Every structure is written in C-alpha cells, then in structure tokens.
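Protein chains: 2
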Amino acid sequence: MGRVPDLVARALQGERRAIARLISLVEDGGEDLAEVMHELYPHTGRAYTIGITGAPGAGKSTLTERLVARIRADERSVGVLAIDPSSPFSGGALLGDRVRMQNHALDPDVFIRSMATRGHLGGLSLATPEAVRVLDAVGKEIIIIETVGVGQAEVEITDACDTTVVILNPGWGDAVQTAKAGLMEIADVFVVNKADRPGARDTVREIKQMLDMSDEEREPDIVQTVATKGEGFDDLWTAVGKHRAYQEEKGLLEARRHRRIEREIKEIVAERYRRRIESGGAETLAQLTGEVLDRRCNPYQAADRLIDQLTSESIT
Amino acid sequence: MGRVPDLVARALQGERRAIARLISLVEDGGEDLAEVMHELYPHTGRAYTIGITGAPGAGKSTLTERLVARIRADERSVGVLAIDPSSPFSGGALLGDRVRMQNHALDPDVFIRSMATRGHLGGLSLATPEAVRVLDAVGKEIIIIETVGVGQAEVEITDACDTTVVILNPGWGDAVQTAKAGLMEIADVFVVNKADRPGARDTVREIKQMLDMSDEEREPDIVQTVATKGEGFDDLWTAVGKHRAYQEEKGLLEARRHRRIEREIKEIVAERYRRRIESGGAETLAQLTGEVLDRRCNPYQAADRLIDQLTSESIT
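Chains as they are written, first to last, in numbering that gives the first Met the number 0: chain A, 0 to 315; chain B, 0 to 315.
Be careful, since some hints might not be right.
Note: identical chains are not told apart, hence a pair may lie in one copy or across any two.
What the hints assert, rightly or not - Below 20 Å or equal to it, Euclidean Cα-Cα: the simulated SDA-like pairs (lysine to any residue) are:
1) 249 / 292
2) 207 / 107
3) 249 / 185
4) 207 / 197
5) 241 / 158
6) 207 / 20
7) 249 / 289
Just so you know, the hints here were simulated from the structure itself, not pulled from any lab data. These numbers come from a predicted model, not from an experiment.
Generate the whole structure from the sequences, applying the supplied hints.
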C-alpha cells in the first residue's frame, strides 16, 4: 500500500497520530493533497459543522471547551479546529484554559487541533474544509471551527459552516462593531457570553433591534451564557439543534453545502493556476514583474500575458 | 473622453470626489478595473507605503492619526487606507477619534478612506494594492495602510508595505501573542503604545529577547509612544525613516517591491480564472458540485474537470 492510502487506512481506524499527520499534509498543501482527498472523500458527508466566531477576548475558547463538554454529555464525538492566534489550542492563552483543553484531549472521542496554513497557497479558505473532511472521514459527528471573526478569510470560513454561532459580550457598541465586521449577517445563533456582567440585557435588546431591521425569514436565537461557570450550554446546544432542524426541514442545509462546495472548487482552480505559475511560469513572472516595476506594462497586462503563456503550454 | 479616462484626469488634478470614485471602482472589482489601472499606472511609483498593524484595542487608529499629524508637520501629503472593522474611519469607534480624524479630512493634503471589498473577488489582497496605486498616482507621498493584524489576508497586506509597523501594548503575554499571530517576523519597527502604563519596559525587553532569537541581519527599532498624548511620534517617524534609508542603501526596497508585484500578478491571474468560472463555467460548476455532494467525485477531481473545460474554451 502507498504511503497516503496507508495513512488514511490507519486514520479511519481511529489512530490519532495518523489523523494528525493527515491534517499536517492538508496544512502543507503539498502534492499529496489530491491523493489524500481521493482516499478520504468517499468516507465523508456525515459530520455537522458549527462555526464559532467573535472578537478577540469574547471568550470563544472557553465557550468552545464548554460546548465540547455539552456535546460529549450526549455521547457524540467531536472534532475542534482552532483558527485563532489567541486560542489556547495554539498555546496563546492562560494556563487554566490550556489545562481544561488537555482534559478533553485525553478523551478518545475528542480531537482538537489548531490550524496553521503557511505552506498552503490556497490559505485558510482551502485548508479548513480539507481539515474538516479529515475529521468527518474518521467519524467525528460534530466539528467545531473556532475563528477570530476579524479577518475576511476567517469570516468566510465561519460562514461556510452548517451553523454559525456569533459571540458578543455585554457592553454598548459591541453589537455595532459586530455588524461592522460583517458578523451580524452570518449569525445563525447569537451568544451573549459573560452574561453575568452588567448590560447583558441591553446587548440582547440591541441584537434584537438589529435583527428587526433585517428581512431574513428566520430570526436567530439569542442565548446567554457564562462560559467560565458553564452556564447556558443546554440553551446553546438546543439553539444549534433548532437551527439544524429548521435547515433540514426546509432543504436549506443542502443548498448551503452546495454553495460551500462551489466556493471550494473555485478556490482549488485558482490555487492550481497559482501553483502552475510557480512551477512553470516563475521565469516569465520574474521578467514581467521587472517590466511592471519599470512601468513598461501594468500588473493587469502582465497577468494577461502570463495567462496566455499558461494556456498555450497546456495545449502542447 | 471615455468615462474612466475622464475620471482619472480629474483625480490627477486632485479632485477628491474623483479619487473617492476611483477607489470605489477598485472596491467593486468590476470590469472597469483593468482600464483604471491602465490609465493610472504610468503615474505611480513615487509613494512610500507604511503598514500599521496590531491586535484590536492596541491603539492603531489613534496612532495613525498622530502619525499623520507628524508627517504633515514635514509638509508631506498623506493617504490613509483603513482596513479594520473597529477603526474610526469605518465608523466603529469612539466619537472623539472620529472628530480628530475629521480634522485631517479637511486638510487637502490628506486623503482618508476605509476599505470594503465585498464585490472584489480577489478580496483585500488585490483591492488594497490597487487603492494604494490610486493614492500614489494622485500624488500622495506617504500612504499608510492600517489593518487589524489578526486575519491572514490582513497580515499579508501589511507585510506588503515598504515599512511595517507592529503595535503592542504593555502587559505580559502580548509579545507572545504577537509572535503567534505571525506579526513578529513582519515587523520593521515595533511600537509599544500606551507606554505610560505599567510594564512598558518589560514589553520592550520581551521584544528584544524574541529578536535576539531571530537571525535577521537588521534588528528593528523599538519605539515607545503614548498616542493619546501625542508622545513619541518624532521617534516613530525617525525609526520609519531609518528603515527606509537602510532598505534604499542595501537595494532591499526594490527587491521587496518586486516580491509584492509578483504576488499581485499571481492574484490577478487567480482572480481572472475565478471570474471566468463565474461567467462561462457557472453551469458546469453547478453540475460538478452536485456530483461532489453525491460523492461521485471529490472537489479536486471536479476542479480538474473545470480546468479542462476552461482551457479548451480558451482555445476555441
């Protein structure tokens, strides 16, 4: 058996090191990726994905940890992908958080992984669905993707989940900032975390006011939690379940996944061309770049000439 | 004269509304873009770009505003592009900040603009250099790009400036978080803002320790500022100037701009293909997506088939 099929076979049997290795291959975005997907893909399609996002400091990591505990109480297996430089998964947070997470890490039905994508030309938007697929194939029923909802790529990733949970904190202006960051329109469930602080009710009211101005058919639930004390997680899990049921009834889940796959295929095509430039077109690119710097042509004309070359090469 | 050449001519004469309109065209990423760049590009190449980045709440906007004031004291014209949902330019911050910024907005030699890129398929990484080019062509000598340094695209954008300024605040762990976010390695100048708070010296020492572990030839300056009081901006402006002079002496600036243009051309090529899929390949894409959802093929195989179709179309 080849290296990749062997790795996939071991991952499908639940071997954690093999799973971790597959996700590393995805992060690297190397030549093996197409083969990895070829082997894995037939085993995917059963997981439900939940995106958790919010501003830095909103309590995403603690909330994720508590949600994992709630899901485990239902005896369902969980995968977590953390795409957040300030996440304890990536080693950036308080020791207490990290220890809590390590408890989950000992549970064979929980797989936690922070994502880095330096090697992957397609970046986070391509590496994340591939990593989700690894966890899906090895049997994780619920996959949580935690991202800091600030960057464009991060918002797109969360938007691409089956249910998107947006976290806010009590305090005037937070809802406005959330709206500005484009998070308001992607939320399927709102969480007001740190709800034991003053102003929680005002924040709930603010969110409701913003939702009243929207013309979406379904109004997202607003759940109050205190993640540090584990309060509100039955409500949160119920809200996620309600959104899932609603989508399944209305046939919306399939439409959502269709959009997600379309986006991914387009990204793969774009990456293939980027890679083709790097392998076959590096010399032409360097030469064209020189001409652009000398103002003999502009970047768009350079791109057109590069495309012409790539096209004629793929014919011969 | 056509619409775009007319708009460019008016922008080159300094008409603010025409400049704003050109940046809007860039944000939309529409069909006019290639023509806009064709008209503008010969007028570019004189501006120096400074990236300012750091975690939300680090004081980027106030620091940018004070730096603009310092640059204006030298009678040099300034353009500002704010790519940060929490920036006062985008309307998300305290009233005081917004008023201060409006003072600059009345100065004919300052042009401030927040960036949104919802329409642009290439996203921020393509729209930003194009917007920089607009400001460069109309004669802005210094262009500041302010981004929240959290998302991948945002880090890449800052990394693509001539000088990258990374802002930290006093407090243990901040430098570690900065390193995790990939900001440490892109910094040409470090700013410890809010330096009147306890722990500023510790943060400076922490940064120095991290720098000692790196093997870069040049060690970045570390500047302490109190942006709210306008303290430290002579030092900051001097540090930026030192970095600029160093790069020019060593021929590094040209190499840096070469890398930046290469990246941009690649992004344009990728976007051209994305666009080609949307115009000519939409039906095929929908059909392939259906097959992927049915597990009859995987996303990589679908992408290959789409590329085959795009290639054969460009022959005929």
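Hints, one by one, checked against the model:
no. : hint      : result
1   : 249 / 292 : between (54 Å within a copy, 18 Å between copies)
2   : 207 / 107 : neither (40 Å within a copy, 41 Å between copies)
3   : 249 / 185 : within (18 Å within a copy, 47 Å between copies)
4   : 207 / 197 : within (18 Å within a copy, 40 Å between copies)
5   : 241 / 158 : within (18 Å within a copy, 43 Å between copies)
6   : 207 / 20  : neither (44 Å within a copy, 35 Å between copies)
7   : 249 / 289 : between (55 Å within a copy, 18 Å between copies)
Hint violations for this structure: numbers 2, 6, all remaining hints satisfied.
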